[in-house]
Amino acid sequence: MEFTESYKQTGPCCFSPNARFIAVAVDYRLVIRDTLSFKVVQLFSCLDKISYIEWALDSEYILCGLYKRPMIQAWSLSQPEWTCKIDEGPAGIAYARWSPDSRHILTTSDFQLRLTVWSLVNTACVHVQWPKHASKGVSFTKDGKFAAICTRHDCKDYINLLSCHTWEIMGSFAVDTVDLADIEWSPDDSAIVIWDSPLEYKVLIYSPDGRCLSKYQAYESGLGVKSVSWSPSGQFLAVGSYDQMLRVLNHLTWKTFAEFMHPNIVRAPCYAAVFKEVDEPLQLDMSELCLSDDFSQGNDDALEEPFRVRYEVMEVPINLPFQKPPSDKPNPKQGIGLLSWSNDSQYICTRNDSMPTVLWIWDIRHLELASILVQKDPIKAAAWDPSCTRLVFCTGSTHLYMWTPSGAYCVHVPIHQFATTDLKWNSDGSCLLLKDKESFCCAALPLLPESSEYSSDD
Numbered sequence: 001m002e003f004t005e006s007y008k009q010t011g012p013c014c015f016s017p018n019a020r021f022i023a024v025a026v027d028y029r030l031v032i033r034d035t036l037s038f039k040v041v042q043l044f045s046c047l048d049k050i051s052y053i054e055w056a057l058d059s060e061y062i063l064c065g066l067y068k069r070p071m072i073q074a075w076s077l078s079q080p081e082w083t084c085k086i087d088e089g090p091a092g093i094a095y096a097r098w099s100p101d102s103r104h105i106l107t108t109s110d111f112q113l114r115l116t117v118w119s120l121v122n123t124a125c126v127h128v129q130w131p132k133h134a135s136k137g138v139s140f141t142k143d144g145k146f147a148a149i150c151t152r153h154d155c156k157d158y159i160n161l162l163s164c165h166t167w168e169i170m171g172s173f174a175v176d177t178v179d180l181a182d183i184e185w186s187p188d189d190s191a192i193v194i195w196d197s198p199l200e201y202k203v204l205i206y207s208p209d210g211r212c213l214s215k216y217q218a219y220e221s222g223l224g225v226k227s228v229s230w231s232p233s234g235q236f237l238a239v240g241s242y243d244q245m246l247r248v249l250n251h252l253t254w255k256t257f258a259e260f261m262h263p264n265i266v267r268a269p270c271y272a273a274v275f276k277e278v279d280e281p282l283q284l285d286m287s288e289l290c291l292s293d294d295f296s297q298g299n300d301d302a303l304e305e306p307f308r309v310r311y312e313v314m315e316v317p318i319n320l321p322f323q324k325p326p327s328d329k330p331n332p333k334q335g336i337g338l339l340s341w342s343n344d345s346q347y348i349c350t351r352n353d354s355m356p357t358v359l360w361i362w363d364i365r366h367l368e369l370a371s372i373l374v375q376k377d378p379i380k381a382a383a384w385d386p387s388c389t390r391l392v393f394c395t396g397s398t399h400l401y402m403w404t405p406s407g408a409y410c411v412h413v414p415i416h417q418f419a420t421t422d423l424k425w426n427s428d429g430s431c432l433l434l435k436d437k438e439s440f441c442c443a444a445l446p447l448l449p450e451s452s453e454y455s456s457d458d
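The numbering used here applies: residue 1 is where the sequence shown begins, and numbers increase by one.
Among the hints, erroneous ones may be present.
[Stated by the list, open to error] Cross-link-like lysine-lysine pairs, in silico, PhoX-like; alpha carbons within 25 Å at most:
1. 49 with 142
2. 85 with 68
3. 39 with 68
4. 49 with 437
5. 136 with 156
6. 156 with 85
7. 380 with 333
8. 324 with 376
9. 136 with 8
10. 136 with 276
11. 68 with 156
12. 376 with 276
13. 276 with 255
14. 324 with 136
15. 145 with 49
16. 8 with 324
17. 68 with 136
18. 8 with 380
19. 8 with 49
20. 437 with 39
21. 255 with 215
22. 437 with 333
23. 8 with 39
24. 39 with 49
Hints were generated in silico from the structure; no laboratory data involved. In this text the structure is predicted, and so the values were computed from the model without any measurement.
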């Protein structure tokens, strides 16, 4: 792996959809860098500190959310003199997003009073009253032709289907939810999945014309759905629940064909590889080493980590670190809080929040547990390589952790005291963005061979 030097950041950082640029918020400045040379190609000054940034799908425009104002500013890479400012006045702005055509911006006002579609072409705007959520409850079809927007009025949840060409409401129908949590189109645009709040276990599949294709409820009288994700192929729907189980539905009958448990004790028979992060002290022969006084008073980076981090393959049975959430506090840290599919839809990684240091990887093709990775620290973020079957994740330490079907390995980030708390791939898998608390860097990973043989301590 090759790492860049670290650069300052004070907020969001993200790659452009075409993988050519990276946008970085530095206080009130928006810095655009080239992903190959890392030279600054554009520098924009906003009116306040940047809270949120999002690229348009064509990578031509970028918006900045100044939620303290509240205000939205948009910029053009090819026309730096072009500017756009959106201010809702007393209504405020709680969230903003691009439309698929990259020529409209959707903003949600404070208290979810209305959702407004702003045109960058003719300055026209369209209002949708009573959106259900600020940042959730809006989903676009993959072809970019339609938008599904959740609204609530008269104590009932509704789905409004809008044309992304005219922004007229093409249809509206009520859904059978108590308190709708979120919505997402299927990858083939043939169905819409809707799930209820954690207080009511309910997953609903609707057709675009409002017909309820399926209703799934795994159990009653308990906290319900915590995470939902379509597989990239659109054949599977994964549902993570507060009962610490992952359930996978198929797209033909909408029935579950796999249920994966996350026990804190893994017993035989278990054919999954269990990797545990361990510290191995460095064995240095210093008998013939002579240091000068100048060196001993100078740089002490070499003493920063007097050990090597590696994975050790464990045998079952094994007790996994488990934290029982308190019963008298809301929002318990339990259930499947992290859920992510590999690009080929063969693997899915999960994290049970009551075992925050353990990452589970499931093989959907063989319906079995493929691997368990036990870390020293809680897992902060995980992301699949979009170009191959490779998972990268971080724990807020000075290392990166990777998994492939061939094994797992640890990589030290060669930047002084750089603790990775978040990571993102660019769209072609050629570059990986790593975020620290006040800085970021990028890493280039070698292409994964067809028959890669990684050892656990590379």
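For a quick check of understanding: which of the numbered hints are violated here, in increasing order? 1, 3, 6, 9, 10, 11, 13, 14, 15, 16
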